[in-house]
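Student: Put the complex together from the two separate chains, hints included.
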Amino acid sequence: MAVYKRSYKPYEGGTTSDRWRFLVLTRYGFSGLFDSRPFTGAFVLSFVPFLIAVAGIYFAHSATLRALLQVRGPGPNTAQINNYFFLAFLGIQSWLSFLLITWQGPQLIASDLANNALPLILGRPISRTEYVLGKFLVIASLVSAVTWIPTLLLFFLNGGMEGNGWIWSHFWMLGSILLASWMWIAIVGLVALAASTWLKWRVAASALMLAFFFVGPGFGAAINFTLGTNWGHMLDVLYAVKLIWVGLFRVPVSTAQTFNMLGIPQWAAWCSVAGTCGLSLFLLNRRLKAREVVRG
Amino acid sequence: MSASLGDRVQVTGDREDRTSNVVSASVPRHSDANGQDRIILENVSKFYGEVLGVNRVNLSIPPGVTGLVGPNGSGKTTLMNLMTGLIHPTEGRVSVLGISPTRPEELFRRVGYCAQFDSFPKGVTGFSFIYNTLRLHGLDDREAVRLSQEAMERVGMTEPALRKVAGYSKGMRQRIRLAQAIAHHPTVLVLDEPLNGLDPMARAESLELFQALGKQGLHVIISSHILHEVDKMSDQVILMSSGYVVAEGQIHTVRTEVKEHPMQILIRCSDPNLLASRVFAQDHVVEAKLIDDGKGVLVRTRDADAFYLLLNQLVVKEKLSLDTVAPADDDVNSVYQYLIGSENKTI
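Chains A and B are the protein sequences, given in the same order.
Counting in this note's numbering, the first sequence runs from 2 upward without gaps.
Counting in this note's numbering, the second sequence runs from 735 upward without gaps.
For reference, chain B alone in the conformation it holds in the complex (with noise of 0.2 Å):
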């Protein structure tokens, strides 16, 4: 599946041959033989009508916080509620551990999903709230009051819990979203846009509770245009555009994938005019750069692994001694830029 992103790249019309250019970096993509512990979409494309919604979508999903990411209009949410089975592909297949998503019944015991609509029934309260959602799930009364409380707590909203959800702010409203999508422990949770319209101390608190999820085997699918917050939190990435995933995988795999847009490394060292007049000399290194204050370089490189060989050559051959080493556009946002900013242009 992997394939060289240039060639992605390039393309800018065809887009039956686009799907062939994706770019792959997941981990392999049967850990188990009946994909008992993945989301496996294959070949996967639904229209409505004439309208794309995503198109040949191959994807294994393993545990773990996998952040999806695009544009508006790309595809996200599609590829959502394919794999919640609110709707089914136009082609190819759907399989969530296992399970179909054509048997809601087994599919939703261990799915939890969390739609982007800010809307809920009138007059509810955030207690009956959940509490409704369980007893759908088919909980009897004392495990939906049970469960019911103990997602309040997990989010923070024990207190307003019953008080109604038409009072509540938009923050509260959304952390009451999260808690009935958590609430009966699914395996797999599948959040659009959860972080929209909370402040910093609920976003904080609530990746963490994502990632401790993620951490914890929970398949973890979340949606969001705040790069730098999937970036923090995700284990793999899910670049949407158009209707079509662009790339997929760890988010440093994937970069070390983009060969178009040499890698920037920040070095911070006892002598940057040496190491710059160094790097230089090297073929794959295309910039090297002094930054302002004069302790540092930014190099721009197209083997990364290359540089770091030479730079290790050079701190014992030049003695010099380094402060820092970072990869200066090794995350979602630069990755973003690069595959679907360029993508956008484009087309």
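Chain A extracted, bound-state conformation (with noise of 0.2 Å):
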């Protein structure tokens, strides 16, 4: 056809920032999230260590509060606000994080696989990487709000009732939360999302999810206890995120072995963590096609 025949004209308008364009999949991932009701109560419900904390911490520095209860100065019944306290609030919004995500999270590519759409998103000006990510930063929302945006707001607010620089004397704690809630959201948010790419229904996919994160346990455990070894913890990513947590949070060791975790060196725990992510990266990279494949 002649050039000067050619009259259609293409889109020339403006475009947004190729950059942040995989938000676009986080916003409609989030707009899916809370049409369920019951799963909204969850994520309400998973607030509530949250709000007692909150109370802990301000009853373990109000002098007028403890006076009215008639508790005596800090003791054993006040709470001691320190890096126990921390962890293990981290610890209980962690599991929250996971049951919520358990619960929906393995829709957010399972959904588009049983509706074929992903010839319709990947025929976009999009890559596979960036669909990941857009999925990928729903969960990694959602376990933040209710993991370490909860926890930094109580350390902060700790501080301010401290005062005397206790911030700065526990500043190290700020990256030890940072560290623990991205390394679980990352195994979280990777294991939710391989496990939906390979089942297309929500339910089996969550079961997945559930299997692989307390199977493994089990067959670690019948590795320890067949060969005399602690080694078979390398196949409990829990086990593993806990080790990790108590070196980074700065348990002594004499807590740790109390609590039998130091079955295995801390570099052990990094590498059974990197190895379940780097599983799941690779589940993805085989299953996330856009295309399907008849046979016969």
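Careful, some of the hints might be misleading.
What the hints assert, rightly or not - Chain A is faced by these chain B residues, among others (derived, beta-carbon under 10 Å):
1. PRO797
2. GLU839
3. PHE842
4. ALA849
5. TYR902
Because the hints were derived from the structure by calculation, they are not lab data.
The beta carbon of each residue, even a glycine, is placed where N, CA and C say it ideally should be.
Tutor: Below is the structure:
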């Protein structure tokens, strides 16, 4: 066709930044997430420990309240706001976030696969990596809202109430909270997404995710028992996470030993976490294709 | 690239040799030195493990409407997915208007794709479906709303735009999918079975839309099983079978290349008997058959050009009065039957 005959004009208007385009997928992910009322209820309930912790911090610092309740000074009856407190709080919140993600996380990709929506989405100026990133951010935002954000709020609340440079003397804990939380987000997020690419049915994908976290420890325990070793803990990613957190929050060796948290060295725990994330990425890469193979 | 189809049809077993025997009737391969105005596939093969998708495909598709025709499993969707970068070739190179499909950001700004799957995200309305895809294209809210409304209007879906897609009829869903493909004003439109489920009125409107877009210089690649519609709308066709391109180009030219099957020409004239006797004396005419109403002759000839020359001479010499001269099998349907119908029988 002669060039002069071509009257068609493609779109030449402006577009938004390519760099943040994947956030469109994150926004879609969120829009469907809270359609379920029970899930929304569970999400709200996951902040109950936060409110209790706020009350605990206030109680620990309010002489008036303690006097009213006839509790004398910091002692066995008051909460000790220290690294154990934040570690315990983060642990509780992480479990709650795990339940939330097991509930809704796997549907993020599974629903696209079930609806054959991948060619539709990937037939846009968006790559597979950006697609995964967009979906991952849904999980990351959700887990962040339940884990490190409230933990940091508690940290600063306590710092404000303690005064006298408490924040500076415990500044290292900020890094611990963030690193521990983001490690957890990476594990839970990637495992949830990988599970959802393998099973289109959301319930089955959730079950697969649970199986991953709870069958691994079973195998690990069996290996430990049979071979008389501790290296079976490498298969237990939850154990590895706990072990790393114990290190990050500077829990003394004696305490860690009490809770049997020195089964494997720190580097092995990091390897276990890295292996889990790597395996999830590998599975995502294998399964996330924008095509369907018709055999026969 | 042109080759005699006689060679090709006789090949039944050795697939390795078949790629050199494609009937090619396309216009010159590169109208532009860099392939900036063409979709080019060079020696492209795609295997899914041991399953053949397409093999050694060489195509250079110019602007206009291109019909992609072939039986189920012939590789049409694979070819479309290759053009849109949704899958990558095992071998060979794909270039869409000079852009490699490995660069989705650049490619999909210019490509609109409508997959064959009749599926939508849960709970989405027609409008939000198109709006969301436009946001993925990087349009801001105002532009996305404007183009969504424009696309809905273009496919006649303005009224039910705010209803949920789940409540749409199949034809409406098909039109919404078409709307999302054209909404961002692409330069290349790849449509996998876009006419499925449409009622006759909607089909006619869609065909008109495709033809209008093709005439404006857009690349419109359409796969379809409805051969007479492909025939009606396509400027050129690509015939596929078992993962191979068996013919490509303008359908009339492809037909003339199919020398094994003599061309059928219907002539209605004042003296069909005389015409039949005269033309049958020619070597290239293999059959001259009087049609049932006795007012015409159906001629089968190996050399259509020689026949038309002879017909001119006869009209002058015998003073014949012609009512109709029309090729009877110069369409996609016939070419499909000759090339792919026989292919299926022989393999």
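Student: Close enough to count: is the Cβ of TYR902 of chain B nearer than 10 Å to one in chain A?
Tutor: violated (15 Å)
Student: Quick check on ALA849 of chain B please, does its C-beta sit within 10 Å of some C-beta on chain A?
Tutor: holds (4 Å)
Student: With 10 Å as the cut and Cβ atoms as the points, is GLU839 of chain B at the interface with chain A?
Tutor: Interface hint status for GLU839 of chain B: holds (4 Å vs cutoff 10 Å).
Student: PHE842 of chain B was flagged as interface toward chain A. Is the shortest Cβ-Cβ separation under 10 Å?
Tutor: Since chain A brings a Cβ to about 4 Å from PHE842 of chain B, closer than 10 Å, the hint holds.
Student: The hint names PRO797 of chain B as touching chain A; please verify it with the least Cβ-Cβ distance against 10 Å.
Tutor: holds (5 Å)
Comparing the model with each numbered hint stated earlier shows that hint 5 is the single one that does not hold.
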